[in-house]
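Respectively, the protein sequence lines represent chains V and G. Per this note's numbering: the first sequence = residues 24 to 321. Per this note's numbering: the second sequence = residues 24 to 321.
Where hints are given, some of them may not hold.
Identical chains blur together in the list; that is why a pair holds if it fits in one copy or across any two.
[To be verified] Under the rule of at most 27 Å between Cα atoms (straight-line distance), these lysine-lysine pairs were calculated in the DSSO-like manner:
#1 LYS287 x LYS129
#2 LYS74 x LYS178
#3 LYS246 x LYS209
#4 LYS251 x LYS74
#5 LYS271 x LYS44
#6 LYS93 x LYS270
#7 LYS287 x LYS251
#8 LYS209 x LYS129
#9 LYS209 x LYS271
#10 LYS129 x LYS270
#11 LYS209 x LYS74
#12 LYS287 x LYS93
#13 LYS271 x LYS287
Hints are computed from structural coordinates only; laboratory data are not their basis. From a predicted model like this one, the values you see are computed outputs, not experimental measurements.
Number of protein chains: 2
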Amino acid sequence: MSSSKSSNVIDGKAVAAAVIKECLTEVDALRRHNVVPGLAVVLVGEDPASKVYVGAKARTCLELGIYSRKIELPAETTQEELIGVVHDLNRDPAIHGILVQSPPPKHIDEEAVIRAIDPRKDVDGFHPENVAKLALEDPTGFVPCTPAGCLRLLKAAGISTTGADAVVIGRSMIVGKPMAFLLMAKGTDATVTIAHSRSTDLPGICRRADILIAAVGRPEMVKADWVKDGAVVIDVGINRVDDPSTKKGYRLVGDVAYDEVAPKCRAITPVPGGVGPMTIALLMKNTLQAARQQTRVV
Amino acid sequence: MSSSKSSNVIDGKAVAAAVIKECLTEVDALRRHNVVPGLAVVLVGEDPASKVYVGAKARTCLELGIYSRKIELPAETTQEELIGVVHDLNRDPAIHGILVQSPPPKHIDEEAVIRAIDPRKDVDGFHPENVAKLALEDPTGFVPCTPAGCLRLLKAAGISTTGADAVVIGRSMIVGKPMAFLLMAKGTDATVTIAHSRSTDLPGICRRADILIAAVGRPEMVKADWVKDGAVVIDVGINRVDDPSTKKGYRLVGDVAYDEVAPKCRAITPVPGGVGPMTIALLMKNTLQAARQQTRVV
Chain V
24 MSSSKSSNVI DGKAVAAAVI KECLTEVDAL RRHNVVPGLA VVLVGEDPAS KVYVGAKART
84 CLELGIYSRK IELPAETTQE ELIGVVHDLN RDPAIHGILV QSPPPKHIDE EAVIRAIDPR
144 KDVDGFHPEN VAKLALEDPT GFVPCTPAGC LRLLKAAGIS TTGADAVVIG RSMIVGKPMA
204 FLLMAKGTDA TVTIAHSRST DLPGICRRAD ILIAAVGRPE MVKADWVKDG AVVIDVGINR
264 VDDPSTKKGY RLVGDVAYDE VAPKCRAITP VPGGVGPMTI ALLMKNTLQA ARQQTRVV
Chain G
24 MSSSKSSNVI DGKAVAAAVI KECLTEVDAL RRHNVVPGLA VVLVGEDPAS KVYVGAKART
84 CLELGIYSRK IELPAETTQE ELIGVVHDLN RDPAIHGILV QSPPPKHIDE EAVIRAIDPR
144 KDVDGFHPEN VAKLALEDPT GFVPCTPAGC LRLLKAAGIS TTGADAVVIG RSMIVGKPMA
204 FLLMAKGTDA TVTIAHSRST DLPGICRRAD ILIAAVGRPE MVKADWVKDG AVVIDVGINR
264 VDDPSTKKGY RLVGDVAYDE VAPKCRAITP VPGGVGPMTI ALLMKNTLQA ARQQTRVV
């Protein structure tokens, strides 16, 4: 099995590196017009996982020559203060993209904060204006990074989507719904099924899929008998499970029971090293799109 | 067969009449606060079908005690002039709902006109802000009338949607996509598949459906062997087909081959008399929602 396993793995790190390489060219083009693209990341509180993500985003900016501003606010920051910070960034011409790291502390209304971001700087693609643009297939909007990364992985792996049966498990606005929009859009043209926790016979629905996207956040939920032979599986889940044999006491697994599912697949993304690296790469892409749209130089 | 046919028919006229009755109560409640709800319908040009629709909307307003203003503009009206009319209506406190009858003449950019409507008065639910609210399951938005009518028909017929396999044929922003949002939303909880012209094996996909919504605009495309025994079929299509035996020289048929499909169905909507009457009834509902939200009296 190990040979079939290695040949069908979609290498997210390699595809992300290719996206980053495209970004380098785009940064150069902006620089030739004296534009330095800028990304602001706002972090409220001390969530350790959030700190890791924010650090990774800043490092990737540095690597690319994107100006990055990290704004760390105490956990007690009020919603008004946070929205004030966002408004300042909306007005700041050095900043083309704004991201407020999720999740904020519980006293903050995350939706209100997202609405406060200028939609032209909303590189996460969560502002209602960008949600509508995605539904309306308007390419001037920002597509959320994770589903955009999934689509890019399919393309990089040479998977044809036209007329394919795609099943998305999960109906969140972060992944499930935008993934469905992207897959059904003209030019991509998949037949899309959105399944979720209330679906009857989830295994049976998943078995129909030529392309299966798992985005539920439940460790190793998708078993071998949920997957059709020759299917393509994209695993968005990143779940910590206890593992005393490791130094950290846990390991990361996806929503897919990889070891038993992988041998059946035409192609599959691993966790880690699949969708994860794509999310940051697509955030950089969105930041450069924002810089181009705001400066109109390229 | 005729007895099974009559017992499984979802009577759109009767359900629409029940919605209109609810509207009467809502109009009364607004009146007690000295609010007369108002709907403006703008028609550009002389399209005969559009004139029929606009006339029907005005009559239903009259019946309900909703103030209705019909604005007929010549086919040569420029986009700037039309947007000027919309802006006037946006500012007019007697008008709570604005609808620009589709399709406008070809020189008009329909999307730009929709964007010009104040989203709080956009009772068609086509403005990007309302598209986003539907995707985000925000109940303050306006849901497009036809898919809202389809959902209401399912409820009136006692069809349970939770966990059901729903297949929507068609991915338009008028019906297909909003229908999919409504069916997958929390509380409705169907598993939703959006199929379309590029789908491989459309008949096979439709055969999976517990609930099949046809919104493609192709006369009698859905045949008996596309439909599972006991399925519920909602036919959104209204297509004219030549028929020299009729006085008008044509007859109206849906997207479903009714005579052969109906005997297999648990429930089915006819054409005419199914979805059609619901669209105007839901437009009235949206107008009353708009009046309540703008006046905050009820």
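* Enumerated hints in conflict with the structure, sorted upward -> 1, 2, 4, 5, 6, 9, 10, 11, 12 and 13
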